[in-house]
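Visitor: As a plain string of letters, each chain reads:
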Amino acid sequence: MTHDPHPRPSQTAARIALAAATTAAAGMLLFPLATLGRGFTADAALLHLSGSVLNLTSNPETPLPAVGATVTLGWLTLALLAATIFGAVRRERWFWLTGLLSFLSALAAVLLLGGGLNSEMARVASDTALRPGAKRQLRNFYDGGGMHLGLVLPILGGLIAAGAGLSARPKVWDRLNRLRSLLVPAVAIGLAVVVGALVVLIVQPVVNLSGQPLTLWGSWLAKSDLVYFVYSSLFAPVTSLNPLLDSLKLATPLIFTGLSVAFAFRTGLFNIGAPGQLTMGAIGAMLVGVYAPAALGWLLLPLSVIAAGVGGALWGAIPGLLKARFGSSEVINTIMLNYIASAVFIFLIGTESFPFLGRTYNLPIKAEGFEPRSQELQEAAHLPTLLELLNVGRDGTVALSIGLLVALAAYFVARRLLRGRLHALIALAVAVVAGALTWRIGIPVQVAGSQLNASFLIALACVALFGTLMWRTATGYALRAVGHSPKAAEYGGISVARGTILAMTLAGMFAGLAGTHYVNGGALDEYRLKGNMPVNVGFDGIAVALMGQSTPGGVVAASLLFGTIDTGGVDVDQKLDKVNKDIVTVLKALIVLFIAAGGFLSRRVLDPPPPQLDAPGPAKAASGPEPLPNLGLTSTEVSNRAASDHSSAHKDSQA
Amino acid sequence: MNELFTQLLTTAFLVTFIRSVVPLLLTAMGGLFSERSGVVNIALEGLIIFGALAGAVSTLVLEPVVGAAAPWLGWLAGMLVGGLIAWIHAVVSIKYRADQVISGTAINLLAAGVPPVILTALFGSSTESPKVEQALPLWGVGDLRFSPPVFFAFLTVIVTWYVLYRTPYGLRLRATGEQPGAAASMGVNVRRMRYSAVILSGILAGTAGVFLSIGNLDSYVRNISAGMGFIALAALIFGQWKPLGVLAATLLFGFLQALSITLGGTDLLPPTLVTALPYLITIIALIFTGRANAPKALGRPYEG
Numbered sequence: 001m002t003h004d005p006h007p008r009p010s011q012t013a014a015r016i017a018l019a020a021a022t023t024a025a026a027g028m029l030l031f032p033l034a035t036l037g038r039g040f041t042a043d044a045a046l047l048h049l050s051g052s053v054l055n056l057t058s059n060p061e062t063p064l065p066a067v068g069a070t071v072t073l074g075w076l077t078l079a080l081l082a083a084t085i086f087g088a089v090r091r092e093r094w095f096w097l098t099g100l101l102s103f104l105s106a107l108a109a110v111l112l113l114g115g116g117l118n119s120e121m122a123r124v125a126s127d128t129a130l131r132p133g134a135k136r137q138l139r140n141f142y143d144g145g146g147m148h149l150g151l152v153l154p155i156l157g158g159l160i161a162a163g164a165g166l167s168a169r170p171k172v173w174d175r176l177n178r179l180r181s182l183l184v185p186a187v188a189i190g191l192a193v194v195v196g197a198l199v200v201l202i203v204q205p206v207v208n209l210s211g212q213p214l215t216l217w218g219s220w221l222a223k224s225d226l227v228y229f230v231y232s233s234l235f236a237p238v239t240s241l242n243p244l245l246d247s248l249k250l251a252t253p254l255i256f257t258g259l260s261v262a263f264a265f266r267t268g269l270f271n272i273g274a275p276g277q278l279t280m281g282a283i284g285a286m287l288v289g290v291y292a293p294a295a296l297g298w299l300l301l302p303l304s305v306i307a308a309g310v311g312g313a314l315w316g317a318i319p320g321l322l323k324a325r326f327g328s329s330e331v332i333n334t335i336m337l338n339y340i341a342s343a344v345f346i347f348l349i350g351t352e353s354f355p356f357l358g359r360t361y362n363l364p365i366k367a368e369g370f371e372p373r374s375q376e377l378q379e380a381a382h383l384p385t386l387l388e389l390l391n392v393g394r395d396g397t398v399a400l401s402i403g404l405l406v407a408l409a410a411y412f413v414a415r416r417l418l419r420g421r422l423h424a425l426i427a428l429a430v431a432v433v434a435g436a437l438t439w440r441i442g443i444p445v446q447v448a449g450s451q452l453n454a455s456f457l458i459a460l461a462c463v464a465l466f467g468t469l470m471w472r473t474a475t476g477y478a479l480r481a482v483g484h485s486p487k488a489a490e491y492g493g494i495s496v497a498r499g500t501i502l503a504m505t506l507a508g509m510f511a512g513l514a515g516t517h518y519v520n521g522g523a524l525d526e527y528r529l530k531g532n533m534p535v536n537v538g539f540d541g542i543a544v545a546l547m548g549q550s551t552p553g554g555v556v557a558a559s560l561l562f563g564t565i566d567t568g569g570v571d572v573d574q575k576l577d578k579v580n581k582d583i584v585t586v587l588k589a590l591i592v593l594f595i596a597a598g599g600f601l602s603r604r605v606l607d608p609p610p611p612q613l614d615a616p617g618p619a620k621a622a623s624g625p626e627p628l629p630n631l632g633l634t635s636t637e638v639s640n641r642a643a644s645d646h647s648s649a650h651k652d653s654q655a
Numbered sequence: 001m002n003e004l005f006t007q008l009l010t011t012a013f014l015v016t017f018i019r020s021v022v023p024l025l026l027t028a029m030g031g032l033f034s035e036r037s038g039v040v041n042i043a044l045e046g047l048i049i050f051g052a053l054a055g056a057v058s059t060l061v062l063e064p065v066v067g068a069a070a071p072w073l074g075w076l077a078g079m080l081v082g083g084l085i086a087w088i089h090a091v092v093s094i095k096y097r098a099d100q101v102i103s104g105t106a107i108n109l110l111a112a113g114v115p116p117v118i119l120t121a122l123f124g125s126s127t128e129s130p131k132v133e134q135a136l137p138l139w140g141v142g143d144l145r146f147s148p149p150v151f152f153a154f155l156t157v158i159v160t161w162y163v164l165y166r167t168p169y170g171l172r173l174r175a176t177g178e179q180p181g182a183a184a185s186m187g188v189n190v191r192r193m194r195y196s197a198v199i200l201s202g203i204l205a206g207t208a209g210v211f212l213s214i215g216n217l218d219s220y221v222r223n224i225s226a227g228m229g230f231i232a233l234a235a236l237i238f239g240q241w242k243p244l245g246v247l248a249a250t251l252l253f254g255f256l257q258a259l260s261i262t263l264g265g266t267d268l269l270p271p272t273l274v275t276a277l278p279y280l281i282t283i284i285a286l287i288f289t290g291r292a293n294a295p296k297a298l299g300r301p302y303e304g
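From first to last, the protein sequence lines are chains A and B.
Going by the UniProt record's numbering, the letters in the first sequence line up with residues 1 to 655, in that order.
Going by the UniProt record's numbering, the letters in the second sequence line up with residues 1 to 304, in that order.
The set of hints was computed from the structure by calculation and includes no laboratory data.
Don't take each hint at face value.
Claimed, not checked - Have a look at the derived ranges for each label pair, beta carbon to beta carbon:
#, chain 1, residue 1, chain 2, residue 2, range
1, B, L122, A, G51, 37 to 45 Å
2, A, Q11, B, I287, 37 to 45 Å
3, A, S219, B, K131, 29 to 37 Å
4, B, Y165, A, G492, 40 to 48 Å
5, A, S219, B, N293, 43 to 51 Å
6, B, S125, A, R440, 51 to 59 Å
Stated by the list, open to error - The following residues of chain B were derived to be distant from chain A, with all beta-carbon distances above 10 Å:
#, residue
7, A106
8, Q134
9, R174
10, G187
11, V221
12, I283
13, F288
Said to hold, decoys possible - Straight-line Cα separation of at most 25 Å, SDA-like style, residue types lysine to any residue; simulated pairs:
#, chain 1, residue 1, chain 2, residue 2
14, A, K487, B, R300
15, B, K95, B, D143
16, B, K296, A, P486
Even glycine gets a Cβ: it sits at the ideal position worked out from N, Cα and C.
Required output: the full structure, derived from the provided sequences and hints.
Guide: Right, dumping it as structure tokens:
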């Protein structure tokens with residue numbers, strides 16, 4: 001067989017590159033290149049590729065950073081994208097190079113722009129510092145500036161085109177093929193973003209404080225700026241520390257509920273009961289935290305956490321039992337239990353007394369006052385904030401201990417290196433030692449007080465428990481077998497009823513532990529059970545589990561994403577008058593819908609045809625294996641790594 | 001206890017009772033079509049909300065233009081929007097063979113997010129719409145006066161029974177839900193049957209929503225459906241997927257809801273716990289019915 005060192009990119013790869021490069025080039029022409037600055041109500045000064053600036057702020061005299069080189073680099077990027085389009089149309093071998101170059105030149109433009117904005121920011125800051133009497137600005141105008149769609153699209157498009165072009169090389173294809181499972185979530189997010197953008201375009205009028213009427217072109221630029229503003233705000237918490245901590249805080253309960261739904265999914269069950277289980281967990285944590293005798297001392301906190309888990313587990317066990325014993329659908333039962341939990345919740349903290357058969361009885365749980373809330377937890381049952389826990393600074397300084405990170409890294413490295421029966425335990429011991437040794441080493445940071453509390457660590461422990469239980473134990477094997485095919489599991493000697501009850505109980509426990517975040521962790525601004533507990537976090541768990549494909553790591557990643565856009569949603573809510581944070585709920589719902597529909601991708605893309613279907617006949621075999629149509633790969637190459645694809649195809653046929 | 005009985009034997013209780021039954025009945029009849037065709041419709045709750053929203057919003061928008069005809073057009077809009085959203089569920093679960101429960105849950109999540117966005121854009125409040133000046137008229141005598149969807153709901157039962165058991169469409173629908181492969185081999189277009197049934201369920205659930213927003217109240221408020229879609233689904237299972245059984249089940253659940261509303265005002269039981277009563281009874285009812293008589297192809301995407 002002759003070896004072709006530079007195989008041509010496949011038909012599909014060329015098409016993908018063509019679409020990506022064309023979209024990016026069109027985006028550069030149609031959308032603004034950069035935001036030069038943004039005021040408090042999202043009013044912006046926009047730069048287009050042509051070099052023209054559209055100033056929508058109230059101050060037409062605002063000094064703007066120099067943009068000459070950015071625009072030049074923009075034109076260079078456009079030329080490179082045009083070359084990529086040309087190469088993709090002709091299926092040339094080199095077009096990955098121009099794609100990569102356009103990615104780099106767009107990136108350079110972004111960095112250059114960032115430099116200009118930074119110096120403006122420094123100028124304003126020193127200006128304010130020079131005039132001590134001057135009113136402090138709420139927000140630096142240039143702080144909100146940066147790249148815009150006209151630069152984001154070529155960065156993405158160039159990268160996709162380069163990847164598509166390089167996919168003709170087996171090694172790169174291998175790498176890309178491993179990412180195939182990310183395809184559906186990624187496409188679903190992309191589609192949801194597009195639909196959300198349409199909603200924003202329709203709902204929100206242009207923010208124009210300049211007093212000048214807009215031309216048709218100008219209003220188009222301003223409209224597209226709205227969309228970019230919304231999404232850049234939603235995803236902003238990634239870039240700075242304090243919002244990042246906030247987003248971790250919002251992500252914590254999502255990890256719990258996401259694990260809950262994911263655990264049930266693995267066993268073939270659909271747990272819509274996370275809101276109820278969360279509520280019961282919070283009630284359990286509150287009952288122990290408030291009413292357990294203070295003499296227990298430090299034991300109060302672990303007991304309260306356990307009570308949260310038990311509360312959720314009991315609430316999850318009920319539908320599990322009913323399904324196992326009577327075959328009634330867990331879907332309907334968990335929904336009904338949500339309503340019942342909500343009634344119990346309101347009953348406990350909403351009233352001080354209740355009537356019963358004509359008499360009135362007192363209920364001591366509700367605290368004094370108008371607001372529905374419980375008594376406050378005893379001090380010993382409070383979870384420390386993560387900042388308190390990880391702060392090793394002295395004399396009032398804040399320094400985050402790096403022990404936790406080192407321990408995690410040590411665990412994974414040891415897991416990789418070690419083999420043998422006790423390797424997991426040894427790795428754990430190594431992690432503990434490494435963590436303890438490095439605990440006193442801290443990184444000094446500037447952070448405002450954050451409510452991110454130690455329930456985040458409980459969540460991480462749950463993630464580890466999920467992974468270990470599901471993939472390292474016989475119980476986990478039984479649960480997954482039940483999920484794949486209940487009948488086959490039954491014949492294999494696995495009790496489906498037992499599996500169902502166990503799965504729902506553990507799922508309930510995960511969701512119930514989310515209660516610790518709200519009650520023990522003080523995430524409701526007070527250390528008590530309050531009426532404003534966001535139970536819909538339980539429903540978001542469905543989206544998180546689906547997006548994380550029911551794996552522990554995926555659940556964490558999806559939770560972080562949702563925590564981020566939840567944090568950003570508050571920002572959007574403040575700045576725009578017609579778009580509020582419910583747009584985030586819409587996005588989540590759309591993501592679930594699109595993931596359910598497999599991202600509207602064809603099955604050939606998601607599940608490549610098994611190689612044996614395409615087995616070469618005698619005549620073909622003589623000339624060597626043919627590349628498969630959608631992969632640009634030969635069947636023998638595919639069959640080498642078909643194992644994972646087989647299992648997913650198998651799962652589909654089960655469903 | 002005498003007190004309880006005197007409260008139950010009043011016209012006011014009868015009115016509450018019928019008003020509790022109607023949205024359940026309409027929604028459950030819609031669910032009946034969908035599930036008899038083999039598509040699980042857990043989206044009913046969301047469909048009610050979209051219907052209620054569309055009914056209230058279009059009545060408000062049309063009031064200055066068409067006057068008294070506005071609520072009737074609002075009803076029509078509620079049906080259309082309900083059908084449209086159900087069509088989304090149909091596309092995702094029939095064309096793209098998604099898990100029907102997940103697709104339905106997504107519609108319910110959408111129903112939590114979309115109404116606040118629309119209400120904020122139109123009226124500046126994310127939780128409720130302004131009051132409509134003219135809700136649907138009330139027909140009847142004395143204290144027993146109901147808006148037209150009430151009569152429509154009971155008519156629906158008869159029509160559903162007739163369509164299901166006495167027309168070719170009904171025969172094909174039942175066949176599609178039991179054995180889609182066999183139905184297809186007899187020349188039935190399984191997909192088209194399922195699409196029509198799911199859209200029909202959206203139209204009926206949308207009507208239930210319209211009844212809630214402009215037939216029972218005079219505005220759309222957040223959480224207007226309060227779990228009725230799920231109770232309707234439970235009634236559908238309890239009624240064994242048969243029109244008359246479903247009628248009986250909704251009468252039972254409606255009675256329980258009316259009871260919890262009436263008891264909530266007395267000093268017999270804690271009102272908050274009484275609201276949980278219908279849900280508790282649903283769980284108990286499901287123990288006795290389970291999924292034994294469900295259409296055999298229910299929840300299975302058709303692969304043909």
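Visitor: Each hint needs a verdict: does it hold in this structure or not?
Guide: Checked hints:
1. B:L122 <-> A:G51: 37 to 45 Å: holds, 40 Å
2. A:Q11 <-> B:I287: 37 to 45 Å: Roughly 57 Å apart at Cβ, these two residues miss the hinted range, so it is violated.
3. A:S219 <-> B:K131: 29 to 37 Å: holds, 35 Å
4. B:Y165 <-> A:G492: 40 to 48 Å: Since the Cβ atoms of B:Y165 and A:G492 sit about 43 Å apart, the hinted range of 40 to 48 Å holds.
5. A:S219 <-> B:N293: 43 to 51 Å: Distance hint for A:S219, B:N293 is violated at roughly 59 Å.
6. B:S125 <-> A:R440: 51 to 59 Å: holds, 54 Å
7. A106: violated, 4 Å
8. Q134: holds, 27 Å
9. R174: holds, 21 Å
10. G187: holds, 27 Å
11. V221: Answer for B:V221: holds, closest chain A Cβ roughly 15 Å.
12. I283: B:I283 not clear of chain A: closest Cβ-Cβ about 5 Å, inside 10 Å.
13. F288: Per Cβ check, B:F288 is inside 10 Å of chain A; nearest 8 Å; violated.
14. A:K487 <-> B:R300: holds, 17 Å
15. B:K95 <-> B:D143: Violated, at about 49 Å.
16. B:K296 <-> A:P486: holds, 17 Å
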